[in-house]
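Here the protein sequences line up with chains A and B, keeping their order. Going by our numbering, the first residue of the first sequence is number 1, and it counts up by one from there. Going by our numbering, the first residue of the second sequence is number 1, and it counts up by one from there.
No wet-lab data here; the hints were simulated from the structure. Among the clues, some could well be false.
Straight-line Cα separation of at most 30 Å, DSSO-like style, residue types lysine-lysine; simulated pairs [unchecked claim]:
1. LYS12/B - LYS156/A
2. LYS12/B - LYS94/A
3. LYS49/B - LYS197/B
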Amino acid sequence: MSSITVTHLQKTFKAKRKAAGLGGSLRALVRPVYVSVEAVRGLSFEMETGELLGFIGPNGAGKSTTIKILTGILHPSSGEASVLGFTPWKDRQKLAYHIGTVFGQRQQLWVHLPAVDTFRLFGRIYELDDRDVERRIAFLSEAFEIGDLLETPVRKLSLGQRMRCEVAASLLHRPKLLLLDEPSIGLDVVAKQHIRDAIRRMNQEEGVGVLLTSHDAGDLEAMCKRVIIINHGQIVYEDKVSNLKRKHLSSKMVEVRYAETVSSDFHLDGVEMLKVGHYGVKLRFDTQRTPVQQVLARLTEAGDVVDITISDPPLEEVIARIYQEANPS
Amino acid sequence: MRNLQLLSALWKANLQSAMEYRAAFLTQVIFMMLNNLAYFMFWVLYFDKFNSVRGWTLQDMMLLFAVAATAWGIAAYFFGNFTTLSEIISLGRLDYYLSLPRPVLLHALASRSLGSGMGDLIYGVGSYFLSGYVSVDGFLRFLVGVAVGVAIFLSFLTLVQSLSFWLGNSTAISQLALSALLTFSLYPRSLFDGAAKFILLTIIPASLIGSIPAEFVKSFSWPVLLQLLASSAFLLTASTWVFYRGLRRYESGNSMQVEV
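So here's chain A without its partners, still in its complex pose:
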């Protein structure tokens, strides 16, 4: 059964265009020029109940606009959407009782109050029973490991701590569907992992469906079963995450810094050397052909390692590759 059905969704914004400087401002005052910006262009997709769906793409791809249409914040220019049987922009209030939303750039917790006070306020907003709210707070504080943070004013929490509280707050009313817009933006590795683990747990234990937008391929690998990649408001790829990983996310990039200088002809078999500096190297390799363990062993054998960073290729690169494969000419 589908929890989200989207058909030919379109959103066009009207933006004022003006030349730089005072002259441009004066000309725009006399004769304003408007351009249409198509944020979402004919998007169609479905999401099953309880599914973990990744909705990824680079900045400006239309991810947030789509999420805002699906929560009823924005009206689309055309097209249809059904979320848990509701048309979001017509039944916004009814839908809001059944979904949770988290925007990475949004602060829904009251900044001057301890998070637990906002949790209780949300209990009132969602019209929950007081005792049920307290039980739910106890459960969420254990699931998100925020028990010792709840009494601290939100302004004094770190970004990672705050985001854990934000996601927990969005689950207070037991939503059937969680819409997460860049929940890991700006977080360090440990904070990201905390949030990913808790979201996976809520999906397994309560069957909460999760639509996750991100421009971090790591979020996708860690949480989602299926992925939709959009760019310029259109779907460019739709498949299982396992297939995406096999086809497009199999390479890793490694940056190593050594205590001693590195030979300029530094070389490893099965690895593409991107940069060789005086004290470090940057390389890329395919994990399906060359195991990670093997590369790391050879890198540590080569010298006294001071620092090492392993990362996925940027999503922009993955999307460019998908485009090339779809349009070989």
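Since the structure of chain A is already known, use the hints to place chain B on it.
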């Protein structure tokens, strides 16, 4: 009833926020009371030289100030976002309220409390008890007058600030409208004639906040009561309608936060 529960929860949260900064809150309250007192001193000095101005005495002016300051105080303390709505709209900060299952306008207005409003409220009630028009039925009429004033402040400013849905940013025009409404609400309407009198009942309905409610507190009149109730009901309906019409044009933004 459901909306009253929402309002009481928001007011409780606002009070908790204010208590986090008790000294700042008390300072705002005290300085606003002193500010009002200093402003009223002008009329004390005036009435020291003259007995009345177009039929209005010092007691009448105290009553007018009492109604207007109490109405402003209640609006500012309990619906503090009513002065910043245009900014919230133009910067795309309604998203928070739109993602929660409650009426957007009511939720947005009541999510902030201006501490100085409590100073106005205390000053206004104090001014009423010093005005010489204290009686049980007079106090009930004072409450009606204040309720009308609150409704006019909230609805007129919501109406003007909802222009941001169409104009993009109406912060400047909203500030002008706010200043005009507040300033003219503190003068007796008998000072104005002809077109000015008409404007202060319609385009800038300042007379409905200060002068007419003060006259109503002094002596009951069915036509005046009906005028006050009908005007506030009309403005409340019109402002809510315009806000929700505009909301369809809302374009959101990325700086999302609760406006507390």
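Hints, verified against the model:
1. LYS12/B - LYS156/A: holds (21 Å)
2. LYS12/B - LYS94/A: holds (25 Å)
3. LYS49/B - LYS197/B: Holds: LYS49/B and LYS197/B sit about 26 Å apart, inside 30 Å.
This entry satisfies every hint, going by the numbered hints stated previously.
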